[in-house]
Amino acid sequence: MTKKNLISVVGPTAIGKTALAIKIADHYGTEIISADSRQFFKEMRIGTAVPSQEELASVPHHFIQNKSIFESYSVGDFEKEALAKLELLFKHKDVVVMVGGSGLYVDAITHGLDHFPKIPPEIRQNLNETLSNKGIASLQEQLKALDPEYHNKVDLNNPHRLIRALEVCLGTGAPFSSFLKQPKTTKRPFHTITLGISAAREIIYDRINSRVDLMMDEGLLQEARALEKHKDLNALQTVGYKELFQYLNGDFDLETAIGEIKKNTRRFAKRQLTWLRKKEDIIWVDYKYDLAKTLSKVEQNITG
RNA sequence: GGCAUUGUGGCCGAGUGGCUAGGCAGAGCUCUGCAAAAGCUUGUACAGCGGUUCGAAUCCGCUCGAUGCCU
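Residue numbering for the first sequence follows this note's numbering, starting at 106 and increasing by one per position.
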């Protein structure tokens, strides 16, 4: 029986992941799974740098613009759906390509998350209210009472993490950390090869800056204007949109807003690099990779 | 040429004799369902030289550089 291989392409934003993924998928005659937490949303096309029509036509893509900003969607949902999709694809393919800039989403597929029961959304809503009414200290105390073990471990200044832990405690009646103790589902029925693209920091930053200019030329402002009334939705707390909303709101002039988009994208890229830096099994290639050599590096690591 | 104002870390900016603001940018980092999110860490810099003083970014002198006004 042949072994199944997932080729995961990672790297900072604007480095050229999409293009390389397509070349690899094309080479293997296979399809692409996107692991990008913003490209799911069909209402957001320009600002999330979704692959072009031609690119999408050249290789079948999955999880691109398949959701609406009005749906609530998270890594857990993605893990489930993407795994199911992979199972389907692997019925006919020995190799599938995954591209994505969202580290957590990529890891969810390659390494897996612990299983948590579904939590009713009202619980999070309440916790968010507690946060804004009573402050973070109140969340900290609550967590200390419900899950002292995790209270000891988490970054107590980070409201998102506190709220996630608390919603699980409250929604299940069991400490958040008790779910972490369960054996992880790290065993995947496929072998993963991770290909990282990188470049000198200045090059990455240059590419980011010019891509933002390109997005503006393509009509990002109009896209943002059309979405402005939904700016409170989580999906729109996204670089490229939130700054433009501030411009539309009169907080910034346009030039400032564009500068902020560039800056925030640079920071995002920096965080992506931090995330990737500690991973050990990444095959790194320069952004000016030689395709034949890159493919042969991949080939050497394919099992089957 | 004369007079005046001024010179603080990459940038902005407080600080008028001792206890070495702050912000931004940058860099580093954390990461189990909001992740393009959220959070954490991180700079002894006071134009140069000399002087006064126990002690100077803070006072004095000179030099250099800005800026403004005058002829």
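If you are wondering where the hints come from, they were derived from the structure by calculation, not from laboratory data.
There could be a bad hint or two in this list.
Distance condition first, Cα-Cα at most 35 Å in a straight line; then the derived DSBU-like pairs of lysine-lysine [to be verified]:
#1 128 with 147
#2 239 with 249
#3 190 with 172
#4 128 with 258
#5 336 with 398
#6 384 with 190
#7 223 with 398
#8 108 with 239
#9 286 with 128
#10 185 with 196
#11 128 with 383
#12 347 with 336
#13 190 with 249
#14 375 with 190
#15 398 with 196
#16 347 with 375
#17 128 with 223
#18 147 with 108
#19 196 with 128
#20 375 with 393
#21 198 with 185
#22 258 with 347
#23 198 with 292
#24 402 with 223
#25 383 with 190
#26 292 with 108
#27 402 with 383
#28 375 with 286
No experiment lies behind these values; they were computed from the predicted model shown.
Going through the hints against the structure:
The suggested pairing of residue 128 with residue 147 holds, with an alpha-carbon distance near 24 Å, which does not exceed 35 Å. Between residue 239 and residue 249 the CA atoms are separated by roughly 16 Å; this keeps the pair inside 35 Å, and the hint holds. Proximity of residue 190 to residue 172 is assessed by CA-CA distance (about 15 Å); at most 35 Å being required, the pair is judged to hold. The hinted pair formed by residue 128 and residue 258 fails the criterion: a straight-line CA distance of about 43 Å is larger than 35 Å.
For the suggested pair residue 336 and residue 398, the alpha carbons sit about 44 Å apart, so the restraint of at most 35 Å is broken. At most 35 Å may separate the alpha-carbon atoms for a hinted pair to count; residue 384 and residue 190 meet this at roughly 25 Å. For the given pair, residue 223 sits about 45 Å from residue 398 by alpha-carbon distance, which is inconsistent with the 35 Å threshold. Restraint check: the Cα-Cα separation between residue 108 and residue 239 comes to about 54 Å, which exceeds 35 Å; the hinted pair is violated.
Proposed proximity of residue 286 and residue 128 is contradicted: the alpha carbons are some 40 Å apart, above 35 Å. Distance hint between residue 185 and residue 196 is fulfilled; the C-alpha atoms sit about 17 Å from each other, no more than 35 Å. Our distance criterion of 35 Å between C-alpha atoms is met by residue 128 and residue 383, whose separation comes to about 27 Å. For the hint pairing residue 347 with residue 336, the CA-to-CA distance comes to about 7 Å; that is within 35 Å, so the pair holds.
In summary, the hint linking residue 190 to residue 249 is not supported, as the alpha carbons are separated by about 39 Å, beyond the 35 Å threshold. Distance hint between residue 375 and residue 190 is fulfilled; the C-alpha atoms sit about 31 Å from each other, no more than 35 Å. For the given pair, residue 398 sits about 28 Å from residue 196 by alpha-carbon distance, which is consistent with the 35 Å threshold. Proximity of residue 347 to residue 375 is assessed by CA-CA distance (about 19 Å); at most 35 Å being required, the pair is judged to hold.
Note on residue 128 and residue 223: the hinted pairing is violated, with a Cα-Cα distance of about 38 Å set against a maximum of 35 Å. A distance of roughly 34 Å separates the Cα atoms of residue 147 and residue 108; the hinted pair therefore holds under the 35 Å criterion. For the hint linking residue 196 to residue 128, the alpha-carbon distance of about 22 Å falls within 35 Å, and the restraint holds. About 20 Å separates the Cα atoms of residue 375 and residue 393, which keeps this hinted pair within 35 Å; it holds.
For the suggested pair residue 198 and residue 185, the alpha carbons sit about 20 Å apart, so the restraint of at most 35 Å is met. For the hint linking residue 258 to residue 347, the alpha-carbon distance of about 32 Å falls within 35 Å, and the restraint holds. A threshold of 35 Å between alpha carbons decides the hint, and for residue 198 with residue 292 the separation of about 20 Å falls inside it, so the pair holds. At most 35 Å may separate the alpha-carbon atoms for a hinted pair to count; residue 402 and residue 223 exceed this at roughly 41 Å.
Of the pairs offered as hints, the one joining residue 383 and residue 190 holds, with about 28 Å between alpha carbons and a cut-off of 35 Å not exceeded. Proximity of residue 292 to residue 108 is assessed by CA-CA distance (about 14 Å); at most 35 Å being required, the pair is judged to hold. Taking the CA atoms of residue 402 and residue 383, the gap is about 21 Å. The hint holds against a cut of 35 Å. A threshold of 35 Å between alpha carbons decides the hint, and for residue 375 with residue 286 the separation of about 31 Å falls inside it, so the pair holds.
Hint check: violations occur at hints 4, 5, 7, 8, 9, 13, 17 and 24; the rest are consistent with the structure.
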